[in-house]
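Number of protein chains: 2
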Amino acid sequence: MRAFVTGAAGFIGSTLVDKLLEQGHAVVGYDNLATGRREFIANALRSSKFEFIEADVLDATCLNENVRGAEIVFHLSANADVRFGIEHPRKDLDQNTIATFNVLEAMRTNGVKTIAFSSTGSVYGETEVIPTPEDAPFPMQTSLYGASKLAGEGLIAAYAEGFGMRGFIFRFVSILGERYTHGHVFDFVQKLAADPSTLHILGNGLQRKSYLHVDDCVEAMLTAVERADAKINIFNLGTDEYCEVKESARWIADRLGLAPRFTYAGGDRGWIGDVPFIFLDTRRIRALGWQPKRSIRQSVELTVDWLKANEWVFSLRGAH
Amino acid sequence: MRAFVTGAAGFIGSTLVDKLLEQGHAVVGYDNLATGRREFIANALRSSKFEFIEADVLDATCLNENVRGAEIVFHLSANADVRFGIEHPRKDLDQNTIATFNVLEAMRTNGVKTIAFSSTGSVYGETEVIPTPEDAPFPMQTSLYGASKLAGEGLIAAYAEGFGMRGFIFRFVSILGERYTHGHVFDFVQKLAADPSTLHILGNGLQRKSYLHVDDCVEAMLTAVERADAKINIFNLGTDEYCEVKESARWIADRLGLAPRFTYAGGDRGWIGDVPFIFLDTRRIRALGWQPKRSIRQSVELTVDWLKANEWVFSLRGAH
Numbered sequence: 003m004r005a006f007v008t009g010a011a012g013f014i015g016s017t018l019v020d021k022l023l024e025q026g027h028a029v030v031g032y033d034n035l036a037t038g039r040r041e042f043i044a045n046a047l048r049s050s051k052f053e054f055i056e057a058d059v060l061d062a063t064c065l066n067e068n069v070r071g072a073e074i075v076f077h078l079s080a081n082a083d084v085r086f087g088i089e090h091p092r093k094d095l096d097q098n099t100i101a102t103f104n105v106l107e108a109m110r111t112n113g114v115k116t117i118a119f120s121s122t123g124s125v126y127g128e129t130e131v132i133p134t135p136e137d138a139p140f141p142m143q144t145s146l147y148g149a150s151k152l153a154g155e156g157l158i159a160a161y162a163e164g165f166g167m168r169g170f171i172f173r174f175v176s177i178l179g180e181r182y183t184h185g186h187v188f189d190f191v192q193k194l195a196a197d198p199s200t201l202h203i204l205g206n207g208l209q210r211k212s213y214l215h216v217d218d219c220v221e222a223m224l225t226a227v228e229r230a231d232a233k234i235n236i237f238n239l240g241t242d243e244y245c246e247v248k249e250s251a252r253w254i255a256d257r258l259g260l261a262p263r264f265t266y267a268g269g270d271r272g273w274i275g276d277v278p279f280i281f282l283d284t285r286r287i288r289a290l291g292w293q294p295k296r297s298i299r300q301s302v303e304l305t306v307d308w309l310k311a312n313e314w315v316f317s318l319r320g321a322h
Numbered sequence: 003m004r005a006f007v008t009g010a011a012g013f014i015g016s017t018l019v020d021k022l023l024e025q026g027h028a029v030v031g032y033d034n035l036a037t038g039r040r041e042f043i044a045n046a047l048r049s050s051k052f053e054f055i056e057a058d059v060l061d062a063t064c065l066n067e068n069v070r071g072a073e074i075v076f077h078l079s080a081n082a083d084v085r086f087g088i089e090h091p092r093k094d095l096d097q098n099t100i101a102t103f104n105v106l107e108a109m110r111t112n113g114v115k116t117i118a119f120s121s122t123g124s125v126y127g128e129t130e131v132i133p134t135p136e137d138a139p140f141p142m143q144t145s146l147y148g149a150s151k152l153a154g155e156g157l158i159a160a161y162a163e164g165f166g167m168r169g170f171i172f173r174f175v176s177i178l179g180e181r182y183t184h185g186h187v188f189d190f191v192q193k194l195a196a197d198p199s200t201l202h203i204l205g206n207g208l209q210r211k212s213y214l215h216v217d218d219c220v221e222a223m224l225t226a227v228e229r230a231d232a233k234i235n236i237f238n239l240g241t242d243e244y245c246e247v248k249e250s251a252r253w254i255a256d257r258l259g260l261a262p263r264f265t266y267a268g269g270d271r272g273w274i275g276d277v278p279f280i281f282l283d284t285r286r287i288r289a290l291g292w293q294p295k296r297s298i299r300q301s302v303e304l305t306v307d308w309l310k311a312n313e314w315v316f317s318l319r320g321a322h
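Protein chains in written order, with the numbering used here: chain F, 3 to 322; chain B, 3 to 322.
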């Protein structure tokens, strides 16, 4: 199989690239290295089956040229920054919606028929159905990030219908693990490095969130691509658990050997558009034979370990 | 009230403008006259309370300048061309999704807090729940038009959450009535003018569709804006009926005094992405006290009468 991966030097993208190469596939990786890291594809770059294109998904011409010949596109590049959307509303539109359009157009132009897309559980907004199945009631968006991913999902479905493509849409919970460079574990580890005595938590700490390890995530995607064959295949990806934010804060502190005092910003959500309870129904992907190998706690701990061993990531441009 | 109306010279937009002026409101109409017609705002232009800006919603600077001072934005400009989406995939993205983003940004910049948006029943795709309520199961898009409108809805909800706006989202069935310039009644009247003996119908004629008269549509929008007060207010707009395509073809022929032979292209849908059965549950808008004054048959007949009296519309650029 010849795979084209956008966001190939990112957290999930680079993990997928490694896995695809390990399975013997040829991979073209595409990344503008704005948040992706050359370090993450260091292994891949040593493979003769890997080709890397440093370019932007908003450069439609370059995308068109490089998608040519692929059998499948894994479209993982994104502005994955759900929290800061309202500070730069155009970013989600450009990097998620318009970029997805560009990818689909490049595929159409080149006759590439299969796309796998990293969507998000955020598309469910503040749904009342928890755990949330893929066919939950028509959701109301609460973030520009969710809205931009929903738009991407819609484009993929319409292209599949209009141009005979096949789509795999994955609605992720938050992903943890090696190469993780933003999110609450990152923030907490960074804050505790600066002040080990106190940890300030956004919201009241009672927000309930779900997480999945990146290896489990990549395995789920590859399982779906191999075993599902509808025109549009939508899968929630997550574990069968959730945890409170203050609970994961405790695991992080414990793993670092610290006992900070927790302080809380208060309120039932961490920021505008935050969803206080995210828990996805994952029976559909489990029915294909996949199951996660790591618990949320293990995933948090593995992430802490990796961040401790890779403190350079805290100095990355755009990291937070 | 000072209202800003995009697509002000279009079919629904100009009808809304007339109604707003009749109610004594000040109106700024914005239209690039690509498919809108100066004829449709001839009355409005005689009012001292109406100001017309001939410009494009993709011109963000011009939009920003003119939205200033509005209390409510009715965003009706769109590529409303559901059938030909796959011939020019970028059009729906530009004119529906990005245009809606531009309108929201102009509102944010100018502190305008209320938007009313013409979405579409097409966002439900081929739902299995019929009549379809607003909280139907998470739908799968089947057209670029539906996908682009869904994206617009998502943007509005995210802006409402992020920036303290209020949104009214109207999911229309097909609208009929005076100033109607595209759609199946237009096509059938045009075909019968060319050849009164035969009418060729796309699909098998058994597609079941819903229609609403433009005056009923505008009245529903204004009722909702006046009486609903959630952050995001979503309403299906339609009648409590549907009809088969061949049934409406018969009404059209009868109204024209013709008895053509019907021929059928065959298949259960008229084109790629066509939805064979559209029927919306409108209990939510009815609960506000609104109800349509015209049946589907009456709306079809009034549309035929208007087209006969205004044959110039058949020579419009882009009309079909």
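Among the clues, some could well be false.
A pair counts as met if it fits within one copy or between any two copies, since identical chains are not told apart.
Pairs of lysine-lysine, DSS-like flavour, derived with a Cα cap of 25 Å [unchecked claim]:
1) Lys-248 / Lys-310
2) Lys-310 / Lys-193
3) Lys-51 / Lys-310
4) Lys-115 / Lys-295
5) Lys-295 / Lys-21
6) Lys-93 / Lys-115
7) Lys-295 / Lys-233
These are computed hints drawn from the structure, not numbers from a lab.
Every value quoted in this text rests on a predicted model; they were computed, and no experiment measured them.
So, going through the hints one by one against the coordinates:
no., hint, result
1, Lys-248 / Lys-310, "within (20 Å within a copy, 69 Å between copies)"
2, Lys-310 / Lys-193, "within (13 Å within a copy, 73 Å between copies)"
3, Lys-51 / Lys-310, "neither (32 Å within a copy, 66 Å between copies)"
4, Lys-115 / Lys-295, "neither (31 Å within a copy, 47 Å between copies)"
5, Lys-295 / Lys-21, "within (16 Å within a copy, 62 Å between copies)"
6, Lys-93 / Lys-115, "between (27 Å within a copy, 22 Å between copies)"
7, Lys-295 / Lys-233, "neither (29 Å within a copy, 41 Å between copies)"
Comparing the model with each earlier hint shows violations of hints 3, 4, 7; every other hint is respected.
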